[in-house]
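Go by the hints and put chain B onto chain A.
The residues making up each chain are set out below.
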Amino acid sequence: MDVIKGNQADGNQLDAKQIDELIRNNVVLTTTDKLLGWFRSRSIFTVTFGLACCAIEMLNTSSAKFDFARFGYEVFRGSPRQADLMIVAGTITKKMQPLIARLYEQMAEPKWVMCMGSCAISGGPFTDSYNVVPGADTFLPVDVYVPGCPPRPEALIYGFLTLREKIWHPNKITGNVARLRDIGKAY
Amino acid sequence: MLKTQELTLNMGPVHPSTHGVYRCVLTLDGEYVRNAVNHIGYLHRGLEKLAESRTYSQFIPYTDRLDYCSGLANELAYVMAVEKLMGITEEIPERAQYLRVICAELQRLASHGIFVGSFALDTAGMTAFFYAFRERDRVLELITRIGGNRLTPNYMRIGGVARDLEEDFFKELKQLMDDYDAAIDEYDGILTGNEIFQSRTKGVSIVSKEMALDYGFTGPNLRASGVDYDMRRDEPYGIYDRFKFEVPIGETGDTFDRYVLRVKEMRESVKIIKQALEQIPEGPVMAKVPKVIKPPVGEVFHCIENPKGHLGFHIVSDGSTKPYRTRIYSPTFVMLSAFPEMAKGTHIMDAVLILASIDIVLGEVDR
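Chains A and B, in that order, give the protein sequences.
Residue numbers for the first sequence follow our numbering, beginning at 3 and rising by one.
Residue numbers for the second sequence follow our numbering, beginning at 445 and rising by one.
Since the hints were made in silico from the structure, they are not lab data.
The model shown is predicted, which means the values in this text are computed figures rather than measured ones.
Heads up, a few of these hints could be off.
Listed next, the stretches of chain A that the computed footprint assigns to chain B, with coverage defined by at least 3 CB atoms under 8 Å from CB atoms of chain B [as the list claims (entries may be wrong)]:
| hint | stretch |
| --- | --- |
| 1 | 29-37 |
| 2 | 52-65 |
| 3 | 118-131 |
| 4 | 145-159 |
Glycine included, each C-beta is placed from N, C-alpha and C at the ideal position.
If we strip away everything but chain B, and leave its shape as in the complex, we get:
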């Protein structure tokens, strides 16, 4: 009998496939992962503490930098939480509501685009990365026209959105949405149907329904494990109850399912944007909100379906212009805690893939 020795391997914080500055200490037995220990906090910027020294409106740009792949969706979660606290949820103008949905779904396309691209990179598929980023760049150009910046647009406002969008923008958006299905077909052709890709991802790190619920999975990762739950459909916030879309569900909950589900979700996002473009009414984009925002004393928790999962803001107000406490519930932080169990027993090259399939963003994990 050959004697083996366990090897401790440090992955990160500077590593091409840790998606930022995440560090993981792996205990290896040969090429298999025996144990994995998470180390986070390398990007802890103290956002929750900073929120206490900013006014409610001043904190909106900071939410962009939480999960920097989905800036507009984070803004939406935050402004909706503040609106709930102020009790003006019903006063948001129709047009603003539609613009918000368009923005959030555009951002979902961009975020899932980066998932497909970086996931392909982690399986050593350079070509698919270029394909995914080609469409993502078109989305980002539109987001630039919304807010002036590619990743951090700062477009949402408490009570509506910053400004109305011009006719040109809608024309371009419509064109992009018409092209998108063909683009997703291309991802399917180059990755989903690829035999090598399938053999790398199928059956790797199966997360059962029970395990997903136990660990508090949300969003695409939860649905990949077979739990039929989407906040947009089951607890609609804003005007999501007006749109018809399907909620894709995974079958086995393996790495392949987590990838496929996101590609399917992109198709649904395109559907939602198309419906929103048809239904969008004319009108104002900003409710009548006081210049200085002073919510009444109280606390609120609001949570939306972010591209990565449920993003929630818990705000405690003491009646002044600044929040007494802001707590950010981030989906990827919760899901990252399952990584050690997901990676246990797998091949070391799969561990990288499993990490990519959770789709972590360190800005949100560490806050």
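Just chain A, with the same shape it has in the complex:
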């Protein structure tokens, strides 16, 4: 790597053009948000939190065959205060709902929520039951939905990669929303 020397002792000065060139080749300019987003998207800490069948698949995803650790996501935290992603994996009952809401409140910002399986998305096969909340998005801001009953581990990994995109490029998502809004205006 070349060393930038603005004022050399032998009087051999670099002109502005050369300095520009050196900076362009050696310095990466970014915003703090983007840098933090890159870090955050690559090491998501998940709160260990299984509700029903999907939790077993979540466990399976971290096992040898699917090896979640390849993507840097194998850390499961027991406490919500140390985690930044909540995977709602399973049926939410009316008795459990206030506790899930409290867990979400206890998580530190920034935080994300992933809905795993049809129960967490909409109540799934139990949607007409008297004791089942029809979906986590009735009381939580959900970022990613992973459909399936239960989803295969590959689907969960795909969900994680989607979440990574969302954390790293939040504009992509907002951009889509804006575009959709424009389409809506056209009609």
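Same frame as chain A, but now just chain B:
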């Protein structure tokens, strides 16, 4: 004399080792459990009520989600109960019977696999978890080929099974069964023979024969306490009387026995599947059942040896297409009631292990 004070500790419903959303309020004296109180119902989905608004066939996928570690076995219990109610137990084709046995035993391997894995995790043995899940994943891949989903296959039908399985499947199954004994040897090597593991589990929470019977233990936990009773052998349902297998019995009924017994049972399941693969005949896989299932007025109770214990369905029919009442007898709900007495007086780190050794699944406990 040092004065001590009792401490109330809330474990769950969100806790890594409660195996779901079970909650327990422990009263501690120092590090020892003085009292434990069960709180359940965090996963109560109202399955029994839902059954009343579903037709008999529509309820089969719901049974998968009861004890989600052993979907095919639950389906088997339910369809056998309905068949008994309709009086067509004798009409099930031979091939379907064999396929059912293969499915149920495969599911037992998967369920005990998850027991070994999570039990190892609760003793802080991460490596054994990976070993146990490696074979379990192979079993699950086969179950995917049976029904299209890993945990919830929805393969059993009232009167047989959904479809015949291809030659390829049997070849792969045979290969897996040949490999399985070596895999179980590995579990034995890494866990059963492990000195640290033994000192954590041996002599912890001994359940006597009398206590096990009093609390209504069934399945592996009952046999671990020394009661020689297995429904597959003593009251054979389906075609289980055609297979030769041993029923392992525990000696003392401690946590270690409950673990070892399940590992031994896996070996027996492999034996049963091997025999079934040799004996399986060609033929149809579905009996002639009417499209709309309308059992006669009456009621029936049928109970099978699930991986976790006796799973029973009590169905009351009023002659219509939907059951008037479906009651699910779940083994782990019954066995969980013994947890306070099993945990009393033990060390707090053992309480987690005792809970794991009962092998609860909250989907079935709360229904």
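Status of the hints after comparison with the structure:
no., hint, result
1, 29-37, "violated (count 0)"
2, 52-65, "holds (count 10)"
3, 118-131, "holds (count 4)"
4, 145-159, "holds (count 3)"
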